[in-house]
Amino acid sequence: MDIDDILASVDRGAGASPESTALDHQQLTRFWVAERAVSEVLPWPAPLMERVMDRVRMQIETIEDLASSSGDTGTPTNATHNPNLNLRLSILQTDLARTQYIIRSLLRQRLAKLTKHSMHYLVQLASRSKSPFSQSQSQSQSQNPNMMPEDSVPDISAVDNVSPLSEQESSFVHAHQTLLAGHYGGSFMGSFPRTLRRLDDNAGGTSMVQGPETKEVVFARCLGVEVPVFVGGEDGEEEVGVTMRMGDVWVVRWEGVRRAWERGEVELL
Amino acid sequence: MSYYDIDSVLTDAQKLPCTFELEVPGLGVLEGNPGEDIKAGTRIDLPLWLGEMLSIGARLGTSRLVTLDMPEALSERVMNALKADPRTVDLRALAPHFYSLSERILELFEEEDMVDVLSDTFKKRASEIADHAHNSRGAVGDGVDFLRGLDETERQLFRAAHDRAKEMRIWSGEAKRK
Amino acid sequence: MAFPLPRGITPTEIAFLAEMETVTVVPRQRLEGLELLGGPLEPLVPPRRASLPLWLALLLKRQRRANIMPPPWLHPEALSLLLEIESQHQDYKNAFSPPPRLPGQPSVRDYQDGVMPTARPQYTRDGQKYYPAPPFLPQNVAQTTFSPTEVPPLPFHWVEVGNMLLDAASDDLVDPDQVRRLLKDLREVRMAKMRSGVDVMDAAAMGGGGVALTGVGAMEIGEERGFLTGVVDGLRKIGASKEQARREQMAEQRANGGYDGTQDEEEEDYMEF
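Chains as they are written, first to last, in this note's numbering: chain A, 216 to 484; chain B, -9 to 168; chain C, 8 to 280.
Just chain A, with the same shape it has in the complex (with noise of 0.2 Å):
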């Protein structure tokens, strides 16, 4: 080993292991095609998500200065020193483009799905928030004779505690929707009557916030000894039904196995 690569080697700083590398990946391959197999928002794996966006960063460093180096290739020492530039170029570049591949493909699902369910998450979000002021806005606004749509978009800027978003999502959503419902003002609902203008009314039975569907199926494999699946998805509910034995594959509701999955021991396919 040279100094070289001594030097690189601290850099990485402490437990930043090629195994810790090799695992983030993993990680990160099955929380996308988990992402991607179901209807809602997975929770945000943000210390894997940091550690794997600073690596990220790193080999575009380490690559662009394996660039520069072979920019000079022209002197015959460099090229005999070097003769797998190329090659190693190439196969750098290609495993970041398939890490970014992943987490691009992973950070679009995850705002599709939640532009689809914005009021969904809002509400959620916002039932969730310690101020006094945004748990009793609703009430006051529906006096309110200037009502527009956008007064009915949850206000979290007083939540702590995002999850299942990340801080970027959660302030993403509240502009979009924000956006959205003024759009939705101007161009229509602002004709409507005030007490027509909401977007979370449940007026008839049939609620304007709708979340995802959690009694879908997903195809699940089980890692663990012995997995029960659940027969509803509420929280406490302890009713079993099914059980998965290790290495088996199975079609079942997502709401039945979702805990077993936060454990580790359920993998979506």
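Hints in this document: simulated from the structure, not taken from any laboratory.
Under 7 Å between C-beta atoms, here's a sample of chain A residues computed to sit facing chain C:
1) S235
2) N299
3) D310
4) R323
5) Q324
6) L438
7) G439
Pair ranges (Cβ atoms, derived):
8) B:A30 / A:S406: 39 to 47 Å
9) A:M273 / C:P50: 17 to 25 Å
10) A:L302 / B:S162: 23 to 31 Å
Don't be surprised by glycine CBs; every beta carbon is placed ideally from N, CA and C.
Guided by the hints, dock chains B and C onto chain A, whose structure is given.
Chains B and C only, in chain A's frame:
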């Protein structure tokens, strides 16, 4: 019922026979006689959303304004035909949103037998749909009539099966993109 | 923001995933080790064998920098045996042949003899349990020792790996034309099983229920995903009122202390696909 789902909205507009139990002044407009009254015992086809609303009393066992009947699409005659051979029935002609309508009706009437007949129908027809969807030459012969008679849920199923099969052929090099 | 892809990874994405499978290559030139985002790459020193992700093996193969050693199952003899098992064997009339075992998973026979699995998770840096699974298990590496009695099982990504190796490395395979024919036959036999699964899909339409498809391949799921989930969704909606009634009834029985779970037992019988 899903607020933004167009199929759900259209299902809501499908009609079913309702019988008025009471005389309702001024509601003749439903019969095409604006200004007139509706007499007790009048039978009219009303959209699901309206019939359901008017029948709420009936379901709670209190005063009932109208009682609901099975729509023709789910009549005993149709159920018998489905039991005999689900593949030959033109569901689309019965109701474009046949299964969505059934779901809503089954919420209103307790009909466990109907659930069994419909589940069986759906499965048998689904197998047939898969066969047609995986046929790269498209529908031929009897298939054309069968596919024309698919209801909206089944059409979506056909599309899902067909798109994936096509993508698969493209990936494996058996077919070209577009 | 439009995201054009349907729910569940598509055939192209499944192939992308399969390219992360590890295969064995014999390098034809030297290459120093590299730190990749997918993990470190060992140095290549001909003629020493090396394990590489499939995408990299294919990249080197296309540039004639390496040869790929086919996985043991991608061989005419193994495939013929597998085809025979899938189409003739009594136990697999309605099921797929058993997949490669996960680390710590006993064989079917040992399981019946009461050997319990020993699933030992790794722990991630965030302290979560992590059990490795395909494409991150060595299911497609060449084997040095062959057991004449045991047929190599079909790995999860068999369709993709088989297809890609036939495409880019047919000169490294034994009798590629025969392999191609056998793969096609296998696909047809197994696809018919997948389709017949529609008849038992009711089992997955109820809460707590499910249909086992153990041994199914990734691409086989990809091809049937939209259809099968559509069927189960349809059945779930048709049966929603019945499920609701059943749950209310069970809740009542439980409240009266009369629930003994026999109803569940009865149902599990026809859930095995």
